[in-house]
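Per the working numbering, the very first residue in the sequence shown carries number 1; after that it's consecutive.
Careful: at least some of the hints might be erroneous.
Think about it this way: if two alpha-carbon atoms lie no more than 16 angstroms apart in a straight line, the pair counts; the simulated EDC-like pairs of lysine to aspartate or glutamate are [said to hold, decoys possible]: (1) Lys176 x Glu16; (2) Lys176 x Asp86; (3) Lys176 x Glu186; (4) Lys176 x Asp30.
Worth flagging that the hints you see were computed from the coordinates, not collected in a lab.
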Amino acid sequence: MHEHVTDPWVRRAKAEGWRSRAAFKLLQMDEKDRLLRPGMTVIDLGASPGGWSQVAARAVAPSGQVVAVDLLPMAPLAGVTFLQGDFEDEAMLVLIEGVLGNRPADLVLSDMAPNLSGVGLVDQARCERLAEAALDAVRRWLRPGGALLVKAFHGGAFDGLVRRLREGFDQVAVRKPQASRGRSAEIYLLARGWRGAAVSGTNQD
Numbered sequence: 001m002h003e004h005v006t007d008p009w010v011r012r013a014k015a016e017g018w019r020s021r022a023a024f025k026l027l028q029m030d031e032k033d034r035l036l037r038p039g040m041t042v043i044d045l046g047a048s049p050g051g052w053s054q055v056a057a058r059a060v061a062p063s064g065q066v067v068a069v070d071l072l073p074m075a076p077l078a079g080v081t082f083l084q085g086d087f088e089d090e091a092m093l094v095l096i097e098g099v100l101g102n103r104p105a106d107l108v109l110s111d112m113a114p115n116l117s118g119v120g121l122v123d124q125a126r127c128e129r130l131a132e133a134a135l136d137a138v139r140r141w142l143r144p145g146g147a148l149l150v151k152a153f154h155g156g157a158f159d160g161l162v163r164r165l166r167e168g169f170d171q172v173a174v175r176k177p178q179a180s181r182g183r184s185a186e187i188y189l190l191a192r193g194w195r196g197a198a199v200s201g202t203n204q205d
């Protein structure tokens with residue numbers, strides 16, 4: 001709690017009106033890689049409390065669209081359509097399809113993180129499962145040439161995830177934004193140039 005309260009990014013987020021310190025991670029990666037542009041359609045997975053959705057909505061306005069999904073509730077945000085539930089459930093897939101209409105996504109964002117158990121192999125498997133879920137969203141909704149920004153964690157599953165991304169994207173880069181805590185094992189993979197190719201499942205690594 002002390003670390004959170006004294007965190008400079010937490011203080012800055014509160015001062016500048018961002019939902020969470022995570023907003024600065026996306027802002028910094030966007031500054032470097034020019035991910036967000038007006039008019040884009042963005043899907044934000046694991047969106048609550050809304051830091052990334054807030055950044056995306058401001059960047060894609062006025063004609064863009066942000067569809068945010070999370071198991072947890074999220075307070076409304078201008079320019080964001082929020083759907084609460086599991087985006088892998090059939091009913092939720094139908095809802096997302098209805099919001100998107102015939103408009104495929106230009107960018108899929110996933111800042112999802114599992115509840116960590118402290119058991120290395122268990123936590124790695126959970127992280128890998130979330131990354132694979134993000135890839136499922138790519139297969140369903142990302143337009144050819146689109147991009148994916150997904151949280152990953154260093155560990156046994158990391159190299160396999162990079163390989164799978166390279167199967168379907170033209171470029172894959174590793175990013176560690178300044179706002180990401182240095183002691184955290186989290187890292188981000190930016191995959192650009194979706195080819196619409198099949199991406200292998202985890203059982204093929």
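Here's how the hints hold up against the structure:
no. : hint            : verdict
1   : Lys176 x Glu16  : violated, 22 angstroms
2   : Lys176 x Asp86  : violated, 27 angstroms
3   : Lys176 x Glu186 : holds, 8 angstroms
4   : Lys176 x Asp30  : holds, 12 angstroms
Violated hints, listed in ascending order, are 1 and 2; each of the other numbered hints is respected by the structure.
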